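Number of protein chains: 2
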Amino acid sequence: MENSRLIEYARLIVKKGLNLDKGQSVVLTANLEQLDFVRTVIKECYLAGAGRVVVNWLDMEIDKMAQDFQTEESLSALMPWETARWQWMTENFPARLWLDSDDPDGMDGIDQEKYARTLSARLKQIKVFRDKIENKHQWCIAAVPGVKWAKKVFPELSENDAVEKLWEAILQCSRANGDAVANWNGHNERVHKLSQKLNELHLKALKYKSANGTDFCVGLMDDGIFAGGSERDLNGREFNPNIPSEEIFTSPKRGEAEGWVVSTKPLSYQGTLIENFAVRFENGKAVEVKAEKGLTALEKMIAMDEGAPYLGECALIAEDSPINNCGILFYNTLFDENASCHLAFGRGFDICLKDFEKYTQEEIHAKGVNESTIHVDFMIGAADMSITGIDDSGREIPIFRNGNWVI
Amino acid sequence: MENSRLIEYARLIVKKGLNLDKGQSVVLTANLEQLDFVRTVIKECYLAGAGRVVVNWLDMEIDKMAQDFQTEESLSALMPWETARWQWMTENFPARLWLDSDDPDGMDGIDQEKYARTLSARLKQIKVFRDKIENKHQWCIAAVPGVKWAKKVFPELSENDAVEKLWEAILQCSRANGDAVANWNGHNERVHKLSQKLNELHLKALKYKSANGTDFCVGLMDDGIFAGGSERDLNGREFNPNIPSEEIFTSPKRGEAEGWVVSTKPLSYQGTLIENFAVRFENGKAVEVKAEKGLTALEKMIAMDEGAPYLGECALIAEDSPINNCGILFYNTLFDENASCHLAFGRGFDICLKDFEKYTQEEIHAKGVNESTIHVDFMIGAADMSITGIDDSGREIPIFRNGNWVI
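Residue numbers (my numbering), protein chains in the order written: chain A, 1 to 407; chain B, 1 to 407.
There could be a bad hint or two in this list.
[Unchecked claim] List time: in silico EDC-like cross-link candidates among lysine to aspartate or glutamate, alpha-carbon distance up to 20 Å:
| hint | chain 1 | residue 1 | chain 2 | residue 2 |
| --- | --- | --- | --- | --- |
| 1 | B | 64 | B | 36 |
| 2 | A | 64 | B | 73 |
| 3 | B | 193 | B | 238 |
| 4 | A | 209 | A | 319 |
| 5 | B | 136 | B | 231 |
| 6 | B | 151 | A | 36 |
| 7 | B | 367 | B | 238 |
| 8 | A | 165 | A | 357 |
| 9 | B | 22 | A | 68 |
| 10 | A | 358 | A | 223 |
| 11 | B | 148 | A | 36 |
| 12 | A | 209 | A | 288 |
| 13 | A | 22 | B | 73 |
| 14 | A | 207 | A | 111 |
| 15 | A | 136 | A | 21 |
| 16 | B | 64 | A | 73 |
| 17 | A | 151 | B | 100 |
| 18 | B | 22 | A | 73 |
| 19 | B | 114 | B | 164 |
| 20 | A | 22 | B | 72 |
| 21 | A | 148 | B | 36 |
| 22 | A | 22 | B | 68 |
| 23 | B | 114 | B | 59 |
| 24 | B | 22 | A | 72 |
[As the list claims (entries may be wrong)] Non-contacting residues of chain B with respect to chain A, defined by C-beta distances greater than 12 Å in every case (computed):
| hint | residue |
| --- | --- |
| 25 | 43 |
| 26 | 45 |
| 27 | 61 |
| 28 | 73 |
| 29 | 86 |
| 30 | 91 |
| 31 | 120 |
| 32 | 121 |
| 33 | 133 |
| 34 | 151 |
| 35 | 201 |
| 36 | 277 |
| 37 | 295 |
| 38 | 319 |
| 39 | 362 |
Hints listed in this document are in silico derivations from the structure and should not be mistaken for laboratory results.
Owing to the predicted nature of the structure, the values given are computational and were not obtained by experimental measurement.
Here a beta-carbon is modelled for each residue, glycine too, at the ideal position from N, C-alpha and C.
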């Protein structure tokens, strides 16, 4: 990929994704294979005034060896230097950036039960810190093509061609062509208008229906908010948590979800692919699951903790969206979730509750925002999907017909 | 390079370099460009029984950006997670491995004064921890070809060819051909015999002379020891701190060094090349320096702290050694120091004092082992070099004539 386009993309991530304060630190998490692009992003961070850029390097092959050879006790421990870094983050509120290039099959073949237990143990220790920084600073997830990821998306191409084609798709879908910052200013404005319309309807529930078997109703919170595009942290800094982002989303009301939802895209969870699955909800909880592939990983995931089988997100995306239109299955949630209506198991979003900052965590959960160490999206959008809103007077309002917005 | 030879080399590093205890942790420091070989080494560590492998990733371009953009205060700080890792090392005594692939010119163009000050500030904070682990656990430095390093050594070759040729040279010079472990068993035996001979002479001083202008005498400690090849840590574990290693070395007596020494190879210090330099010593201290290139870096280096202008090492290597014979100038101390007699500015070695573990640090320094945050080798070997030992009765004993051993 031409360097000028990569610099434009890095600048988009730093300026619109993070929107750094002068002197603010950045914690950047990235795959070791992305060294060149990480260097480009670090330079843009410093040019934007970053005081310090700390990189947290990841490598799936090294992680996999650790899973294979280390004891469960060793894998479950948050090491003193990890604790120290989290503690520092709760005191310094760095902007956080994750450049995702994970191999969708990268963790295949490991002991999934051991992995789930050690991950759960680690996430529990991290949650204490994460709760202290949530909504207080900017964060952003964007993507960079990894070789194995690119070969998964374009198996017929050579490694180089696959990476190049995935770069092109990422930049297109991320609206990082031409003046990327201007593109995102316009995009954020459109998304904010649509979510405002939805919020003015004061919906109590959403009913989903498709010929694929989805027949599902989910309750919404009394003070729930639909959000999308750029957000503001509690210091008023505007940032874009996801690049790309096409969705308008809310956190549903915990305890109110009934019926079957059928997945319409594979879910890559911690390096394992879960395909053609369906979930039945009762009183808001997943009580029955089916899957043609990856059933064990799915079962482990929703058994991760008490909140894991409840929903944390309902997101609405038109079938006529840039990512869906490009026709590529990315095997990556950041993209595939923005191609299709989706739900998420696990943690809900405080920001989807009006005036959330005035409430304690307990009050937020009592109002219906689910709590969990996980947050995993899965896709349910379909070309024939109809979504109907029900407002506080019981009136039915068509929101989606044949997969697209009708409000 | 063929994978089988890389695995053999990784195995040599882990088995002879580190010689891990079952369940012992490893802290591995490596350049980001060496991902493939690092994965190979990590696998060998686990196969040898490592409990945990922690990787500390380095990148000169990222470090250089930090130097350019961060404040001096920010660069001088040891971050909480760094402190936590050092603290953990003083409690857990992991084996430490450094895979060196630094670009010899990698830090050219930065503000050398700022760099020296921030480095000195960091090293002072680290020293507290390093003092607690010194000699208590195994450590090893070995090399991996970086692209820029390879192009520096073989500027006429393409990047790929240069890396391949540097791999070949590294493996040859590291005796990692055929059965590498067996090679090192034999090599260690030969080196131990030679150092034993030297120790039996009870030398008080070494006099160096060459037609290039070197005319220099350095004092040796009463209980000084010549060492080389494998060492034993205080737990009795045998390890090879340097791969390759051809030298027999001791720590001279601080305060006793007189005359001029003339460098015979360039010195790459923190990414800056210092070339054709000479140093005059008086009462053990460097009091006059000259250099055709890099004089500022040399001056900064020996002004780093109180002990920096004193000597910490005298190492003897025959001109007829594998690295010198291969005729390659590596621009890397690990190799170039093993091609040629050398001295080092800065920190001396406790292990070069007999029964050092029975003394306090203060007593060790009082006996003549120099103390400093730095330890920087520089080469003085020459084809006509003569080295003469003087024993406690004043007798002169020829050690080197025309650059080679004569004992």
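Results for each hint:
A threshold of 20 Å between alpha carbons decides the hint, and for residue 64 of chain B with residue 36 of chain B the separation of about 24 Å lies outside it, so the pair is violated. Restraint check: the Cα-Cα separation between residue 64 of chain A and residue 73 of chain B comes to about 38 Å, which exceeds 20 Å; the hinted pair is violated. For the proposed pair residue 193 of chain B and residue 238 of chain B, the alpha carbon gap of about 16 Å is at most 20 Å, so the pair holds. Proximity of residue 209 of chain A to residue 319 of chain A is assessed by CA-CA distance (about 15 Å); at most 20 Å being required, the pair is judged to hold.
Proximity of residue 136 of chain B to residue 231 of chain B is assessed by CA-CA distance (about 11 Å); at most 20 Å being required, the pair is judged to hold. About 19 Å separates the Cα atoms of residue 151 of chain B and residue 36 of chain A, which keeps this hinted pair within 20 Å; it holds. A distance of roughly 26 Å separates the Cα atoms of residue 367 of chain B and residue 238 of chain B; the hinted pair therefore is violated under the 20 Å criterion. Note on residue 165 of chain A and residue 357 of chain A: the hinted pairing is violated, with a Cα-Cα distance of about 43 Å set against a maximum of 20 Å.
For the hint linking residue 22 of chain B to residue 68 of chain A, the alpha-carbon distance of about 16 Å falls within 20 Å, and the restraint holds. The straight-line distance between the Cα atoms of residue 358 of chain A and residue 223 of chain A is roughly 13 Å, inside the 20 Å bound, and the hint therefore holds. At roughly 15 Å between alpha-carbon atoms, residue 148 of chain B and residue 36 of chain A fall within 20 Å of each other, so this suggested pair holds. A C-alpha spacing of about 19 Å is found between residue 209 of chain A and residue 288 of chain A, which places the hinted pair at or below 20 Å, so the restraint holds.
Distance hint between residue 22 of chain A and residue 73 of chain B is fulfilled; the C-alpha atoms sit about 16 Å from each other, no more than 20 Å. About 38 Å separates the Cα atoms of residue 207 of chain A and residue 111 of chain A, which puts this hinted pair outside 20 Å; it is violated. Distance check on the hinted pair: residue 136 of chain A and residue 21 of chain A sit about 13 Å apart at the alpha-carbon level, within 20 Å; holds. Proposed proximity of residue 64 of chain B and residue 73 of chain A is contradicted: the alpha carbons are some 38 Å apart, above 20 Å.
Taken as a hint, the residue 151 of chain A and residue 100 of chain B pair is broken in the structure, with Cα atoms around 32 Å apart against an allowance of 20 Å. Note on residue 22 of chain B and residue 73 of chain A: the hinted pairing holds, with a Cα-Cα distance of about 16 Å set against a maximum of 20 Å. Under the criterion of a C-alpha separation no larger than 20 Å, the hint pairing residue 114 of chain B with residue 164 of chain B is inconsistent with the structure, at around 36 Å. For the suggested pair residue 22 of chain A and residue 72 of chain B, the alpha carbons sit about 16 Å apart, so the restraint of at most 20 Å is met.
Under the criterion of a C-alpha separation no larger than 20 Å, the hint pairing residue 148 of chain A with residue 36 of chain B is consistent with the structure, at around 15 Å. Restraint check for residue 22 of chain A and residue 68 of chain B: satisfied, since their Cα atoms lie roughly 16 Å apart, inside the 20 Å limit. Taking the CA atoms of residue 114 of chain B and residue 59 of chain B, the gap is near 19 Å; set against the 20 Å cutoff, the hint holds. Of the supplied pair hints, the one linking residue 22 of chain B and residue 72 of chain A holds, its CA atoms being roughly 16 Å apart against a limit of 20 Å.
The beta carbon of residue 43 of chain B is not kept farther than 12 Å from every beta carbon of chain A, the shortest such distance being approximately 6 Å. Listed as a non-interface residue, residue 45 of chain B fails to keep its Cβ farther than 12 Å from every Cβ of chain A; the least gap is roughly 9 Å. Residue placement check: residue 61 of chain B does not keep its beta carbon more than 12 Å from all beta carbons of chain A (closest about 5 Å). Residue placement check: residue 73 of chain B does not keep its beta carbon more than 12 Å from all beta carbons of chain A (closest about 10 Å).
Not every Cβ of chain A is farther than 12 Å from the Cβ of residue 86 of chain B; the closest lies at roughly 9 Å, contradicting the non-interface assignment. Against the 12 Å criterion, residue 91 of chain B falls within the reach of chain A, whose nearest CB is about 9 Å from its own CB. The Cβ of residue 120 of chain B lies farther than 12 Å from every Cβ of chain A, with a closest approach of about 19 Å, so its non-interface assignment holds. For residue 121 of chain B, the shortest C-beta to C-beta distance to chain A comes to about 15 Å, beyond the 12 Å cut-off, and the non-interface label holds.
Even its closest Cβ contact with chain A, about 15 Å, leaves residue 133 of chain B beyond 12 Å, as expected for a residue assigned away from the interface. Separation of residue 151 of chain B from chain A is adequate, the least Cβ-Cβ distance of about 17 Å exceeding the 12 Å criterion. Here residue 201 of chain B stays apart from chain A, with its beta-carbon at least about 47 Å from theirs, past the 12 Å limit. Non-interface call for residue 277 of chain B relative to chain A: holds, since the shortest CB-CB distance, roughly 33 Å, exceeds 12 Å.
With a least beta-carbon separation of about 30 Å from chain A, residue 295 of chain B lies farther than 12 Å from that chain, consistent with its non-interface assignment. With a minimum CB-CB distance of about 40 Å to chain A, residue 319 of chain B clears the 12 Å threshold, and the non-interface call stands. Chain A leaves residue 362 of chain B outside its interface by the beta-carbon criterion, the shortest separation being 30 Å against a cut-off of 12 Å.
Consistency with the previously given hints fails for numbers 1, 2, 7, 8, 14, 16, 17, 19, 25, 26, 27, 28, 29, 30, ordered from lowest to highest.
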